[in-house]
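There are 4 protein chains.
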Amino acid sequence: MAEESRAKVGVLGASGYTGAELVRLLLRHPRADIALLTADRRAGQEMRAVFPQFSPFPLPKLVAIDAIDWSAAALDLVFCALPHATTQKVIKEVLAQAPRLKVVDLSADFRLADPQAYARWYGHEHAATQLQREAVYGLCEVHREAIRKARLVANPGCYTTCAQLALIPLLKAKAIDPDEIVIDAKSGMTGAGRAAKEEMLFSEVSEGMHAYGVGHHRHMAELDQEFSLAAGRDVVVSFTPHLAPMNRGILSTIYVRAVGPAAAEDLHAVLSKSYANEPFVHVLPFGEMPQTRHVRGSNLTFIGLTRDRIAGRAIIGAALDNLVKGASGQAVQNMNLMLGFPEAMGLEQVALFP
Amino acid sequence: MAEESRAKVGVLGASGYTGAELVRLLLRHPRADIALLTADRRAGQEMRAVFPQFSPFPLPKLVAIDAIDWSAAALDLVFCALPHATTQKVIKEVLAQAPRLKVVDLSADFRLADPQAYARWYGHEHAATQLQREAVYGLCEVHREAIRKARLVANPGCYTTCAQLALIPLLKAKAIDPDEIVIDAKSGMTGAGRAAKEEMLFSEVSEGMHAYGVGHHRHMAELDQEFSLAAGRDVVVSFTPHLAPMNRGILSTIYVRAVGPAAAEDLHAVLSKSYANEPFVHVLPFGEMPQTRHVRGSNLTFIGLTRDRIAGRAIIGAALDNLVKGASGQAVQNMNLMLGFPEAMGLEQVALFP
Amino acid sequence: MAEESRAKVGVLGASGYTGAELVRLLLRHPRADIALLTADRRAGQEMRAVFPQFSPFPLPKLVAIDAIDWSAAALDLVFCALPHATTQKVIKEVLAQAPRLKVVDLSADFRLADPQAYARWYGHEHAATQLQREAVYGLCEVHREAIRKARLVANPGCYTTCAQLALIPLLKAKAIDPDEIVIDAKSGMTGAGRAAKEEMLFSEVSEGMHAYGVGHHRHMAELDQEFSLAAGRDVVVSFTPHLAPMNRGILSTIYVRAVGPAAAEDLHAVLSKSYANEPFVHVLPFGEMPQTRHVRGSNLTFIGLTRDRIAGRAIIGAALDNLVKGASGQAVQNMNLMLGFPEAMGLEQVALFP
Amino acid sequence: MAEESRAKVGVLGASGYTGAELVRLLLRHPRADIALLTADRRAGQEMRAVFPQFSPFPLPKLVAIDAIDWSAAALDLVFCALPHATTQKVIKEVLAQAPRLKVVDLSADFRLADPQAYARWYGHEHAATQLQREAVYGLCEVHREAIRKARLVANPGCYTTCAQLALIPLLKAKAIDPDEIVIDAKSGMTGAGRAAKEEMLFSEVSEGMHAYGVGHHRHMAELDQEFSLAAGRDVVVSFTPHLAPMNRGILSTIYVRAVGPAAAEDLHAVLSKSYANEPFVHVLPFGEMPQTRHVRGSNLTFIGLTRDRIAGRAIIGAALDNLVKGASGQAVQNMNLMLGFPEAMGLEQVALFP
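Chains as they are written, first to last, in the working numbering: chain H, 845 to 1198; chain Z, 845 to 1198; chain R, 845 to 1198; chain L, 845 to 1198.
Since the hints were derived computationally from the structure, they do not count as laboratory data.
Do not take every clue at face value.
Which copy is meant is left open, because identical chains are indistinguishable; a pair holds if it fits in one copy or across any two.
What the hints assert, rightly or not - The list that follows gives simulated cross-link-like pairs (lysine to any residue, SDA-like), each with its CA atoms no further than 25 Å apart: (1) K933 x A1017; (2) K1117 x E890; (3) K1018 x A971; (4) K1041 x V894; (5) K1041 x R872.
Here the structure is a predicted model, which means the values were calculated and not measured.
Required output: the full structure, derived from the provided sequences and hints.
So, in structure tokens, the structure goes:
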């Protein structure tokens, strides 16, 4: 794509939170035009009926996916923000009709490369195994070059982006013991999506905290795959997700043991060096820990590392906005890589605090 | 100032919330450079120590106001986000040293044009009455032309911006009875500033609501002045501010009576027509009411109007982000006007929801 | 019922918030035993599966209403916390089977005494007009004697309890102008119930405020009825409900004009005198305004009154917990009256703040 | 103390959150009378000026500690809710004047039995070492018999109560490896007290999460002492406290490794058996995890335990209300033991949810 060209993009599933966040970012992206928005159950409505914050902005009306003529649409790229399992069928069909279309998929459907791992974690065979093989895992800081050439990118999960950015450089450097990693993660409520469920009502989840999916959360499959790849051996971590009464933000508190004589300061140095030139990963000075509110609305991840009082152990904190770097912001970052745009384009927002 | 010129700007009082919000906006303003940040009690520190969200960005160190050589600084404009009463002394001194400097003042010090009204509401004589006379009241949509030529602009208060945008067109059009206006306003906690006070602690103000300053809030003086100007006669309204457990947002619910045969629909038409070409005021379709969350982080004000069940009466809702259109966003909008920049420059952010 | 007797009570609709609140209060009531809990969709489950806070307490299993043998159940009183419209059919049927059973109904079904007013506000004929005529409106402080003798009590709504306690003494005393009353009410989210609706999700309603039902909220019918009764003439008020990001609490800010020479202090004296001996209504010193958090979890209503700056006008604040005095607490208070128990029995909890 | 006797009690430091919570509980305690409330900076004021929720209740005026004549006061017991370090001097002085007075101290001053450990963690010598030796550590479920006979009880910290109730039975049973314990704790904001600090303002701590005191929080000293006592050997754990945007509640997520062939189910059985007859510790069925909101306002601790996917590892969740079982509720429980009252008296409140 030529340097000054523009891209026509679509969002499949625009009535959910990641869909809305894509629209927020794309509306201000210097080289992307929103040409298509879908929402099957809200087809025919204006986006403002679904998300009133877009009321002042001209946007295409919501349509049903089945009503799209993909070749007439002539899109350069679509973001797919549809539910798990539906997604693989939709993308298979869309790419059959428009094979040159590029796709950034925000669901979990194409994150696992191994069909057997997929079947084990999700309880059914994958419906598009060829695409599964083709898909590139879209953690930009780790798989940047493959993403540039990809047609289909599997945007990572929010929990897993946060934990991977904190741990992958340390695993690659063999600086920590892969057998003693505990990840305690806290997420804001938007991570649970917009489906109307009793357990997500304000009065159910405000003023309290709880863990969920303890011992068997599906995001673990993604962690296993990427951590093992980074370490060059099997890695299985303890991981517990929690819900906190806030809209946005993931905070991962990670307990690790340094290998051999390495001190906490050495681990910090590994992280600092890894991310010295990354636009969206910021390593705090040694001993400072991040807060989710300081990255809210931005595509940044803040990482901090502190010495534990137990010799040889360290505690890492990583914070990101689950809807931005944990979903739609990273999706736009992937689009930028796939379309040859500057990687940070349209993602320069400074965090909204307070 | 030439079309492609850039502006060197400063922020006096950068350690408060409106100061931080100015930095957030100015960091991404295409033609402004942050050349000076002050915070007397934090002088010598980095901005990141005061507001960690700025950690990745290069910013000048915080200095004390007294340490500034104003002619060497060679600024084009300063934003003054200092406490009430201090402000008038500081600005008087600064303008004495740098008479060609432009100033946008976010305090209440220069909002009242009448020295007697000032003395009555604040209990002391104004310390810079000449500047008080010079200052232009900075509600952009109402005083745009005067602002373009001003050296000193008094940025309006958050409550008053919200109420004025809803009512001034109706008062000017003599469409509502000026003697029967009730304004019930709800504000997020950032409106109360960053001073460490017991009554602003999380545990004091979360999970509950209350009114404050009932019957005697100082913002009323500003409303009296501008409403009377708009109506061409004295206007005194009932106004009650409340604190709600949220960070940002003001919601004004306003009860009015239409004059003569005018129906609620006519009032709505007056508002729609007034704001048809305004970039930052959006009038919702008749009968829809705004939510603060849908303007969060943006410079927009949403206004809605609904028929009351009592004949001849209407209920108006107006929502804005108290730190943006209610403070720092409007201050940047004023800067744009004063420096000849496009009025909306650097203020295009779409609201952050959820 | 003899002084030391105990009562066997049931809760129809125990899986909602008012149902849970009834269980919370009844578990610690010295003379009530919970003998029956219903929840049609959760029939067969333990209460702890629906509300884990009851996990340590022995409670009857949830059953379906249709499965109950009302004469075998031999209850003294049931609380009915079922949805609107369903309720009238259920109560009609239950009382047909168990005519000596006493009923406190928490729905809106029996609050309006006038069948025509009911049909106009709800759009259909009432299905139990005879019971509608029999039902006593259960605002204890106003209709105490009728409640003592009632078989069927219509527990008032949360908004209306709050506004009535603030205004009825003033209307009765003809101290305020009935034609110029504006009630601006703010409610916590539990007032909207536990039904899984998108607009009640945490991420939809946290961090923001909005009005709803503007100009046509059904609670107005109840206000019209009771205010007109108190004033001895037709009274129609402006009333706007809002949702605030908190679990519990209603704050009503009420704008009134004193009649004739009466000053705000006189209005305050009327309220103070009216409630001098009431256990659950507390009038704050003149000029102090209430906060919802200070009545949280208690059956108290706090009322404050302040002079407006406009001569002859006053601003009243009233705060209660919508689930206690606004629903289940008042329902227990009604039970106490109906069964001859001390009126405050089981309702002595001190507010939970912070 | 005879079975039907009453106790005259005082609260030193009644203007803080734990002081208010003591008053809330004691106002409804069947055998305690609040005879004294102190608050040095608010001396001479009514309690309602400091905590408006007590406005309807008769309470003694706040006095300064120095103004008290301890023998005339003739109290049976005082609760001491004063800041760290001040406390030891005050209690030493008070007990010198009134040697038969019983004291429940809610500060950290008397929790560490070892003067050297105290000096190491707090950086200064203890000012009342004799009392330090006398004091009994007041975790009721563990030290019940010693508490009954104690004159001075050191009420445990909120974090440490939560972690100890989860781990002590497992350590005593030697069922888990003491060298591999990670405690990740999340606390509501009331745990940080009522002092006016910038970092505790609503806008600083709402809508986000962060860890603090990482690697060096003082509560660790208390954990070390009690865990080592339980295990019969030195135990040093990893412990990280976090602040969550809620008022009340501590959630501890604890990662442990079972010893030898023990499975997660065996660990669960140890906990269930230990607490079978405890009124305030409730072990959830295997695999269920607790939520802080389900114990809000109650003296209960909920404990859950789930199998981790890593063989031999388990994840424990423990939830309590930091102001009740984590502070004032446990203090009343201690009072009950010390005065020979039924242990659960006045502590029967059911949790306030939602």
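Quick rundown of the hints versus the structure:
1. For the identical chains of this complex, K933 and A1017 are neighbours neither inside a copy (39 Å) nor across copies (53 Å), given an alpha-carbon limit of 25 Å.
2. For a Cα distance limit of 25 Å, the shortest separation of K1117 from E890 across copies, 22 Å, qualifies, whereas the shortest one inside one copy, 47 Å, does not.
3. In this assembly of identical chains, the alpha carbons of K1018 and A971 never lie at most 25 Å apart, being 37 Å within a copy and 49 Å across copies at closest.
4. Within a single copy, K1041 and V894 get their C-alpha atoms as close as 18 Å, and across copies as close as 14 Å, so both meet the 25 Å cut-off.
5. In this assembly of identical chains, K1041 and R872 lie within 25 Å of each other by CA distance neither inside one copy nor across copies; the values are 32 Å within and 31 Å between.
Comparing the model with each earlier hint shows violations of hints 1, 3, 5; every other hint is respected.
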